[in-house]
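*Asks:* Whole structure, please, built from the sequences with the hints as guidance.
Same order as they appear, the protein sequences are chains A and B. Residues 1 to 333, numbered by the numbering used here, are exactly what the first sequence covers, in order. Residues 1001 to 1326, numbered by the numbering used here, are exactly what the second sequence covers, in order.
Hints may contain errors.
Claimed, not checked - Derived Cβ-Cβ restraints for the label pairs, each shown as a range:
#  : chain 1 : residue 1 : chain 2 : residue 2 : range
1  : B       : Val1182   : A       : Thr24     : 56 to 62 Å
2  : A       : Arg207    : B       : Pro1235   : 21 to 27 Å
3  : A       : Gln195    : B       : Gly1146   : 50 to 56 Å
4  : B       : Val1182   : A       : Pro127    : 46 to 52 Å
5  : A       : Glu75     : B       : Arg1144   : 32 to 38 Å
6  : A       : Tyr298    : B       : Thr1238   : 52 to 58 Å
7  : B       : Arg1237   : A       : Ser22     : 32 to 38 Å
8  : B       : Ser1162   : A       : Pro127    : 48 to 54 Å
9  : A       : Arg86     : B       : Gly1146   : 23 to 29 Å
10 : B       : Ile1030   : A       : Glu133    : 39 to 45 Å
11 : B       : Phe1262   : A       : Gln195    : 28 to 34 Å
12 : B       : Ala1155   : A       : Asp284    : 30 to 36 Å
13 : A       : Met300    : B       : Gly1146   : 44 to 50 Å
What the hints assert, rightly or not - Here are some, though not all, of the chain A residues that point toward chain B, as calculated from beta-carbon distances under 7 Å:
#  : residue
14 : Ala58
15 : Leu60
16 : His63
17 : Val67
18 : Arg88
19 : Gly92
20 : Met97
21 : Leu99
22 : Ala104
23 : Ser105
24 : Pro108
25 : Thr119
26 : Phe154
Source of the hints: derived by calculation from the structure; they are not laboratory data. This structure is a prediction, so every number in the text was calculated from the model and none was measured. Ideal Cβ placement from N, Cα and C applies to all residues, glycine included.
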Amino acid sequence: MSGSDPVLTVEGLSVAFTAGGSRTRPVEEVSFAVGRGDRFGIVGESGSGKSLTLLAIAGLVDHPGHVAADTLRLEDADLLSISRSRRRAVLGTRMSMILQDPLASLSPVWSVGEQIAETLRRHTRMPRSAAREETIELLAQVGIPDPRRRADSFPHQLSGGMRQRVAIAIAMSCAPIVLLADEPTTALDVSIQAQILDLLVEVCESRGMALVMVTHDLAALSRAAVGVGVMYAGRIVESGSLDRIRTAPAHPYTQALLLSAPHLAPARARSRLHTIPGAPPSPDKRPAGCPFHPRCPYVMDVCRTVRPPLVPIGDGVSAACHLVPAVFAGGGS
Amino acid sequence: MATTRMSPGFEARSLGVLRAGPSRFVARRIASIVLTLFFVLTFTFLLTFSIPTDPARAVVGPKGTAEQVATVRENLGLDDPLPAQYARYMGRALTGDLGYSYSQRRAVSDLIAERLPYTALLALGALVVQVGLGVSVGVLAASRAGGAFDRSALAAALLVISLPGFWVGLVLLYLLAYRLPVFPLGGNDFPLGLVLPSLALGIAGAAWYSRITREAIVDILNTDMVRALRAKGMPPRTILLKHSLRAAAGPVITMLAIDFGFLLGGAVVIETVFSWPGLGLTAYQAMQRNDVPLLMGCVIVGSLFVLVLNTVADVARAFLDPRVRL
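*Replies:* Here it is in structure tokens:
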């Protein structure tokens, strides 16, 4: 990650749900930091808690969910203690979010232009006509042809890719510092996915926005992200630069994940497509010790009882595995 | 029909929706109204033959002689074959002639023209109660779903739905016109005389609408649309009123379209309780006096009323939701 001061700092973030006396923690002790203009990807299987992590950062986890963290800071703003109205002022202006399915996340009964313009009017007190001109400008910037006419279209009149471009235009309308993207390409046709990812990278670079993108798609991750956090069973098990983790995955889960995506795996392992045996544990049935131990090919006795902490192992990479520090230390780095 | 559909500006947005295919919509609707009216006319015509009463006897009265009855039968053409009577009846109905009321001694169409505005006014008042009160309570309940207001509103709605309209009307009359003389006891005083009948006719609907609105909005509040609105910092009031209520309008208006018939049925009872001189009271009196032409007229005009209002509801739905194509 970049050497500049982080714009978004997440330390020890947990999300707990209490229902009927039982308490589950789908997200546990997640920590990462994102510098100005960084692009950080969180990758994991379904149910690993990655989307919930984003919602928690945005303050959109509702009762009965409960968010706790040691630190949750956007530049100088403490997102944990911030008031509701202050948070509404932060959301959209300094931090914004793109959801998975643009058809579901856009309002069906207002034109897309109005949905962009209302964001501008809300946060900038821009007069109506100026907001409309700015809206058309934004639509042009996200690559929508004939933006003046398209501003009056309704979401159902646009293609999936166009809708996600509109969602990006809404998210970037007030020039936020951090853009959160929850599986921004999952609901789209494969042929459109690359375009949207490239657009995300482009707007982040041109506006100096940091991107935090959650995905289960390693191809999407490698197209848009520079840094990566691998999430498993509610925790980050390995984080670091994408290049470093791709060439030398440290955690057994990361290794297995990369082997299941052949075009990303190291060349020597490309002979056959791998799957990870078993299934990720559900949040209420997580095993003691390392949550990955029931599926891990290198499981040791200690893995069954002691949870490995996320520790730096060099090259800016951190991993949470009992085996890894020993291996790397043994390697004499 | 062109398949492309582009709305003009923000301002003319709703009109753009109608521009989708108004001519085809209107043509389809007129055809459907004509067809329905044809069936209503035929059905009411046949119905008169199943009623065990002799119209000629009704005209002459109980003291008339058999000869007088026979003469009237002859004059009214009641001895003609059924198809001939049917053709004559349909032909007259098409020209707006709905026959002659035996009990009121006047043309049915004149009577109805005189009474219809009162029913329209009452229906409007009841609609204001249904939609205004119902939707407001629904929105409030949804904004704090599971809260104290939501739970009391549910209890109140269940209670109100289970109360018969005429009883509500009588209680309202007793409390607010007799014990506490705020409103008139009955009759057509406008606007005060309209308040209690509208309330009595609309309150059960308001209870339904409060629940429908509440459910529709609660469903919408759990969608990604609302999450996205919160993520861009929109305040709760805007999310609730500008986006959720508008998106929830569909189910409410669909319900409304179905409801007009019930409203008219209820109007018969409520107009009788409040002596409100509308179509419902007229129909009730016609029933009591075996005045078949008048009753038929009320049924036909009532059906037309419902058909037209249904069309209005469809147009309103298209105004509010651009996905609805006419």
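*Asks:* Tell me the numbers of any earlier hints that the structure contravenes, in ascending order.
*Replies:* Those not satisfied are hints 3, 11, 16 and 17.
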